[in-house]
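**Q** Residue numbers (my numbering), protein chains in the order written: chain A, 1 to 527; chain B, 528 to 637.
Quick caveat, the hints were computed from the structure, so don't treat them as lab data. Among these hints, one or two may not hold up.
[Unchecked claim] With the Cβ distance kept under 7 Å, some of the chain B side facing chain A (calculated, not the full set): (1) V549; (2) S582; (3) G586; (4) V589; (5) S590; (6) S592; (7) K594; (8) L617; (9) T618; (10) L620; (11) L623.
Source: prediction; values computed, not measured. Beta carbons are placed, not taken as given, at the ideal position from N, Cα and C, and that holds for glycine.
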Amino acid sequence: MKDLHAVLAAFQEATQCPVAVWVADDKMPPTLAIAVSSGNVLSPDTLPETEQGALLTNNGQVITARLSGLKRAWMTMGPCEGGRRPLERNAELLLPVVNRMMRTGLEMEHTAAELAGRYEEISLLYTISEILGRTVALEEAAKTILVELSQTVGSRRAAILLYDKPTTMLYAVAAIGVEAQLTSIPINDMGSVAARVFRTRHLAIADASESTSEHEAVYSRDTMLAAPIIWTSSTGSLPLGVVILSERETGQPFSAGDQKLVAAVATQIGIAIQNSRLVRASMDQQRLQQEMLLAHDLQMKLLPQPGSLSADAEIAARVVPAESVGGDFYHLFRLSNAATGVMIGDVSGHGYRAALIMALTMSAASIHAQIHSDPSAMLAALLGSVREELATTEMFVSLFYGVINRKKSCLNYANTGHPHAFVLGPDGKCDRLPALDPPLGMVDAPPHAASLPWHSRESLLVLFTDGISDARNAKGDRFGEQRVLDAVKKYRSEPVEVIQEKVFESLRRFLGRTPLRDDQTLVLLRA
Amino acid sequence: MSFTIRKQGEIVVVDVEGQLIVGNRQELKQKVLDELEKGEKRFLIDFTQTGYIDSSGLGVLVSLSKKIREQGGELRLANLNDDLKTLFELTKLDTLFQISDSRERALESF
């Protein structure tokens, strides 16, 4: 409006008659919009509603003219200096100029205001992107977002509600302007606008009378705008929650621009929630992997070092778990100067649960092996210790437990469902030590025991789990127990560590790069 | 991998296609328990189309057998392939189940 001001100033200087422009809003009285000097103008309430006319004021005559094309705006001319009458001819000349310049000026102001509004919205979206980009936990960001959003839209009351799947409720992660206790809204609440928006996934503007839900009462006053928070991916869309705004400061209804803005913010919140969940899942996964590595180390530490019994026996033992932790294990016991106990076990399944049963079995076996010299009594006692745990987890343990007595030259053993236990005699003959009972935990009856001759320093005890014999190559062929026994027989005169390496070498050659499906354990013992 | 359940007379017959392993054992268990819940007592699991059972699968068979026995019923098995038969023998699981070489013989044996 600077240009118009300059024109009016030039006119006043030339004619000594002041000119002013008045503008009135719908309900407000007219106010002075443009004047060169405000000291010598009409009082607003004296302006006539007529198109054009002349007024006699205390200071002299004034010409008023209604500006066309504008709702309620007037031009006034006079009173002139020296008590001169303003010339109607001058007013007629000036009016179209003022009219045109006023219209242009107001249009520019309107455009500027709109641009400022858009700028605020863009600025809000940018701010929210920044807030969401900075934080992993949405709950932390929710309050800040809500404050920014409600300020921009001009709402005193606002809330972000997220869907909780287990309870099927919308619970508040942030709220402003809510004095009462925050409440959760069931998604099937038919009186709730927020629940309806969540179900239909469509934004809604509702009068106070439409929301009849007692759960929603704290969030709504006057008109309410509720927008769904949706996450959309290539496979479809998922409703995650609702943004609610109500109690507008101006008392005006929500505009189309407000709806678009809130919908855009809700979309950003949806993306942030999903990102936050993915980040959390990834962090959980990383933590789990670290815990699994730790568990693997712990599990390997539970297994005794084969060298710990080197005075009594030559032992080679190795467990290769299919996952970080597994259910295969072996155990070694020095029972007396002449007796050595050896155990191999395979807990059904693998992973954490199998590893826990394995640890429990090993620790209980350590106690019972020192008390019971007879393998069947030892396994009966062991079953007593782990029975309940096996029953509740529906797991079981295939277990071989042998006691080699060098003085008596015999091997006593109990075998609950372990399929691969052999003794390779000095004559090169390989005898299977068959299972005498089903796996530990499957039946309540105490396990049986059997005995066979043992040739000190000549007999070789060969124990392995089905992770070795059932291993399959890329073609789907089984490695089979015969390949294990062939390798053992071929290298039987070598130290046990060499035999062990040859078996695993043969297995590796057979499998190639095929990943492990099950834990692999091999124990070789000469005593 | 899938399970087909059909009734033959008084006997619920379950066909296991593919493998019975850690990944699908719960499905088999639930299907059989659902039938048990309905009051069925006699169950036959036919392994004609089954290539492999892992230790978790064996565990489910034993668990189901126990649960069915507790309800006064019985679980029998039929048509184990040679590998599975050897597995059952080597682990002494053959002492826990009545195992038949054909479905007909298994159905008659109830």
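**Q** Now tell me if each hint is right for this structure.
**A** Structure-based check of each hint:
no.: 1; hint: V549; in the structure: 6 Å, holds
no.: 2; hint: S582; in the structure: 4 Å, holds
no.: 3; hint: G586; in the structure: 5 Å, holds
no.: 4; hint: V589; in the structure: 5 Å, holds
no.: 5; hint: S590; in the structure: 5 Å, holds
no.: 6; hint: S592; in the structure: 9 Å, violated
no.: 7; hint: K594; in the structure: 10 Å, violated
no.: 8; hint: L617; in the structure: 4 Å, holds
no.: 9; hint: T618; in the structure: 4 Å, holds
no.: 10; hint: L620; in the structure: 5 Å, holds
no.: 11; hint: L623; in the structure: 6 Å, holds
Going down the numbered hints, you'll see the structure goes against 6 and 7, while the others check out.
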